Amino acid sequence: MRRRRPRSFAIVAAILAAPGVVRAQTWPSDDLVTSTLPNGDAASSTRRQHTGAPATLCLLGHVAPTILMVGAQKCGSSSLWSDVMKHVKGTVSARAKVGVEPRHFSKEQHFFSKDARYRKGMAFYVSHYPTCQPGARALRAVDATPNYLRIPGTAARVHAAYAGHVRALRMIVIVRNPTDRLISWYGHIGTKRGISNLSIDEFAYANLREMRACAKKHWLPVESEAMWASACRNLRPPLYDALSGGMYAPQIAEWLHWFPARQIALVTFGGYLKRVKDVLTDLAAFIGQEPRSGASATHARALADASEVGVVRRRRAIEPSHRNVRSRGRAALSASTHAALTEFYRPHVDALIALLHRPAAQSMFSTPFRPARALTAPRLLDGSM
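In case it helps, mature numbering (1 follows the signal peptide of the UniProt record, and there is no 0) puts the sequence shown at residues -24 to -1, 1 to 361.
Please note that a few of the clues may not be correct.
[Claimed, not checked] Derived pair list, reagent style DSS-like, types lysine-lysine, alpha-carbon separation capped at 25 Å:
# : residue 1 : residue 2
1 : K83       : K96
2 : K73       : K62
3 : K96       : K62
4 : K96       : K65
5 : K253      : K62
6 : K83       : K65
7 : K250      : K65
8 : K65       : K192
[Unchecked claim] Listed next, with one range per pair, are the computed distances between beta-carbon atoms:
#  : residue 1 : residue 2 : range
9  : R185      : T107      : 49 to 55 Å
10 : M98       : K253      : 44 to 50 Å
11 : A315      : A99       : 49 to 55 Å
12 : W195      : S360      : 24 to 30 Å
13 : A99       : L174      : 23 to 29 Å
14 : A330      : Y181      : 27 to 33 Å
15 : R71       : E199      : 41 to 47 Å
Hints listed in this document are in silico derivations from the structure and should not be mistaken for laboratory results.
Since this is a predicted model, take the numbers as computed values, not measurements.
For every residue, glycine included, the Cβ atom is placed at its ideal position computed from N, Cα and C.
Generate coordinates for the entire structure from the input sequences, incorporating the hints supplied.
Have a look at this one:
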């Protein structure tokens, strides 16, 4: 019997407030082996790699996705997906239906986040992936839909759809400084949604103004993590969820409610740029496949180069200016606006750090740092971890 979609507010409150959560899905002790990774971290160079789940999950005659790269949106998720597909053996993507679906649906299927697609059922979903072949090499199908993290109720849908196969799943989350994420949202997504007449400063202040008004209307503290699961998550057009998308704690908490922490990997944008080889080697072990040697991490290098250009521009300006890595410098944020956004996000970043210290997240996989609770607010904000 399919679970009903949960009340996200209750789920978020339970995870963020409770000291721990009992889980039904756990890995038996004999399903774990130890592997050593060449990541240069002498203090923690061993990883526990899951082997209990089949490498290839066949559902309805197709290789079903078991690797869900769920977001966060505008945190380098597309680049990370591209690098994972190149660097991890046996990973396969979807085939977008020609003439019906956009090309990017080969990367992101939006099955669990769009009601119309979800109603078509799992047969429709897995039909986008290769057919199962007896005796074929182990395959891991990947769905990298960044909306899965930011839309309440998605984790519950995934859990219900994979009933009996939940332990085969791996979820990958990448996060970054939420202020930089909003700038990237403005430069890439926002320009397609009618904000071309707003400067980045005007856009940022409009978000802050509307979010505070919404919080007041619904009797919520603006620093509350309950904001994400409330009516304030999506503001009026063209603001949408540009601001709430950086509230990472309740988004990750919802996935921790439905899945054991050891099936979720946390990556930081700064760590990915600085230690891409370590990140990809770690993720290969997390996925349960061998890394592919010789492939160059072109997407990570491109993002790193663009970020370096932004740093140079900030240093040359009278006031610090923050640039979107994909907008080629179109979005210059004033120092005062950056400070206002940083102040707004401060309690939300603190909530993420607090979540990582809770027992519910204790066994979460993380890269290129470990354990997950080693992440600190300053190092997330400055991109050094």
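Now the hints, each set against the structure:
{"no.": "1", "hint": "K83 - K96", "verdict": "19 Å, holds"}
{"no.": "2", "hint": "K73 - K62", "verdict": "22 Å, holds"}
{"no.": "3", "hint": "K96 - K62", "verdict": "30 Å, violated"}
{"no.": "4", "hint": "K96 - K65", "verdict": "30 Å, violated"}
{"no.": "5", "hint": "K253 - K62", "verdict": "12 Å, holds"}
{"no.": "6", "hint": "K83 - K65", "verdict": "17 Å, holds"}
{"no.": "7", "hint": "K250 - K65", "verdict": "23 Å, holds"}
{"no.": "8", "hint": "K65 - K192", "verdict": "50 Å, violated"}
{"no.": "9", "hint": "R185 - T107: 49 to 55 Å", "verdict": "52 Å, holds"}
{"no.": "10", "hint": "M98 - K253: 44 to 50 Å", "verdict": "36 Å, violated"}
{"no.": "11", "hint": "A315 - A99: 49 to 55 Å", "verdict": "51 Å, holds"}
{"no.": "12", "hint": "W195 - S360: 24 to 30 Å", "verdict": "38 Å, violated"}
{"no.": "13", "hint": "A99 - L174: 23 to 29 Å", "verdict": "43 Å, violated"}
{"no.": "14", "hint": "A330 - Y181: 27 to 33 Å", "verdict": "28 Å, holds"}
{"no.": "15", "hint": "R71 - E199: 41 to 47 Å", "verdict": "44 Å, holds"}
In summary, the numbered hints that this structure violates are 3, 4, 8, 10, 12 and 13.
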